[in-house]
Amino acid sequence: GENVEQHPSTLSVQEGDSAVIKCTYSDSASNYFPWYKQELGKRPQLIIDIRSNVGEKKDQRIAVTLNKTAKHFSLHITETQPEDSAVYFCASTGRRALTFGSGTRLQVQP
Amino acid sequence: GAVVSQHPSRVICKSGTSVKIECRSLDFQATTMFWYRQFPKQSLMLMATSNEGSKATYEQGVEKDKFLINHASLTLSTLTVTSAHPEDSSFYICSARTGAVGSNQPQHFGDGTRLSIL
Chain E
1296 GENVEQHPST
1306 LSVQEGDSAV
1316 IKCTYSDSAS
1326 NYFPWYKQEL
1336 GKRPQLIIDI
1346 RSNVGEKKDQ
1356 RIAVTLNKTA
1366 KHFSLHITET
1376 QPEDSAVYFC
1386 ASTGRRALTF
1396 GSGTRLQVQP
Chain C
1195 GAVVSQHPSR
1205 VICKSGTSVK
1215 IECRSLDFQA
1225 TTMFWYRQFP
1235 KQSLMLMATS
1245 NEGSKATYEQ
1255 GVEKDKFLIN
1265 HASLTLSTLT
1275 VTSAHPEDSS
1285 FYICSARTGA
1295 VGSNQPQHFG
1305 DGTRLSIL
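Top to bottom, those sequences are chains E and C.
Counting the first sequence from 1 gives a position; this note's numbering is that position plus 1295.
Counting the second sequence from 1 gives a position; this note's numbering is that position plus 1194.
It is possible that some hints are incorrect.
So the derived label-pair ranges between C-beta atoms look like this [to be verified]:
#1 C:1197 - E:1334: 12 to 22 Å
#2 C:1209 - E:1377: 33 to 43 Å
#3 E:1334 - C:1239: 15 to 25 Å
#4 C:1201 - E:1312: 15 to 25 Å
#5 C:1236 - E:1324: 23 to 33 Å
#6 E:1324 - C:1222: 24 to 34 Å
#7 C:1211 - E:1405: 42 to 52 Å
#8 C:1276 - E:1337: 20 to 30 Å
#9 E:1390 - C:1262: 22 to 32 Å
#10 E:1352 - C:1222: 19 to 29 Å
#11 C:1220 - E:1350: 30 to 40 Å
#12 C:1246 - E:1390: 24 to 34 Å
#13 E:1310 - C:1267: 39 to 49 Å
#14 E:1365 - C:1246: 34 to 44 Å
Hints listed in this document are in silico derivations from the structure and should not be mistaken for laboratory results.
Fair warning: this is a prediction, and the values are worked out from it, not measured in the lab.
Each residue gets a CB set at the ideal place from its N, CA and C atoms; glycine is no exception.
Take the sequences, apply the hints, and build the full model.
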């Protein structure tokens, strides 16, 4: 089955700096790659997604890039704010349910 | 749109009790529903996939006789944890999607149920 690896597990940045989280996937049939933000005790919230026919997508301060050849995809958050502090999960799917990465705890220091 | 309602949000009960969790898609028909489990500081792990009117497909290591899933309609799936024990304490989250597996449609998540077995 699909295997998704996510790095780093924790990330601390200063307010205003950028944050980058990287994921790799194993199933070449995967074609949908969402990113979720999860606050403590709450459900994952979809923040951005990308499909395999697109290499990059941007939504205000958030962007995602996809390299299908290398099976890599990354989340980029610019001008980070304290409210961006949360756990972020990448995920991928193709033929089955979403498979999640292990999560990155992002801490934005004011 | 695409709201998934999950109840209850919190359950605290004694060991040996069976607990039922409901997951409803409120404004769309969910061809496929998924049940995930999340232990503290860990990722979401898929437990099972269910399609309306058919038996659920369980992931390796998940006991189907312990975690009973019923997907009786296109808007409702239930997960029953039978004879729950402390090790079953976790955050259970359902997810729903229109379209069949592999259809490349987003999954929409419920608010989750925090289950605590004493």
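(message) 33 to 43 Å was suggested as the range; check whether the CB atoms of residue 1209 of chain C and residue 1377 of chain E agree with it.
(response) The hint (33 to 43 Å, Cβ to Cβ) holds, given that residue 1209 of chain C and residue 1377 of chain E are roughly 41 Å apart.
(request) Take the C-beta atom of residue 1390 of chain E and the C-beta atom of residue 1262 of chain C, compute their distance, and say whether it sits inside 22 to 32 Å. (result) holds, 25 Å
(message) Assuming the hint says 24 to 34 Å, is it satisfied by the Cβ distance from residue 1324 of chain E to residue 1222 of chain C or not?
(response) Holds, at about 25 Å.
(message) Verify the CB-CB distance for residue 1201 of chain C and residue 1312 of chain E against the hinted window 15 to 25 Å.
(response) violated, 40 Å
(message) Quick check on a hinted range of 30 to 40 Å for residue 1220 of chain C and residue 1350 of chain E, using CB atoms only.
(response) Taking Cβ atoms as reference, residue 1220 of chain C and residue 1350 of chain E lie about 35 Å apart, which means the hint holds.
(message) Taking the Cβ atom of residue 1236 of chain C and the Cβ atom of residue 1324 of chain E, is their distance within the range 23 to 33 Å?
(response) Because 26 Å falls inside the window, the suggested range holds.
(request) Could you tell me whether the CB distance from residue 1276 of chain C to residue 1337 of chain E stays inside 20 to 30 Å? (result) holds, 27 Å
(request) Go ahead and decide if the range 42 to 52 Å is satisfied by the Cβ distance of residue 1211 of chain C to residue 1405 of chain E. (result) holds, 44 Å
(message) I want to verify a distance hint. Is the separation of the beta carbons of residue 1352 of chain E and residue 1222 of chain C within 19 to 29 Å?
(response) Once the Cβ atoms are compared, 24 Å apart, the range 19 to 29 Å for residue 1222 of chain C and residue 1352 of chain E holds.
(message) For the hint 15 to 25 Å, verify it against the beta carbon of residue 1334 of chain E and that of residue 1239 of chain C.
(response) Cβ of residue 1334 of chain E to Cβ of residue 1239 of chain C: about 19 Å, so the range 15 to 25 Å holds.
(request) Using the Cβ atoms, figure out if residue 1310 of chain E sits within 39 to 49 Å of residue 1267 of chain C. (result) Check passed, 47 Å falls within 39 to 49 Å.
(request) Just tell me: holds or violated, for the beta carbon distance of residue 1197 of chain C and residue 1334 of chain E against 12 to 22 Å? (result) Once the Cβ atoms are compared, 18 Å apart, the range 12 to 22 Å for residue 1334 of chain E and residue 1197 of chain C holds.
Taken one by one, the earlier hints fail for this structure at numbers 4, 12, listed in ascending order.
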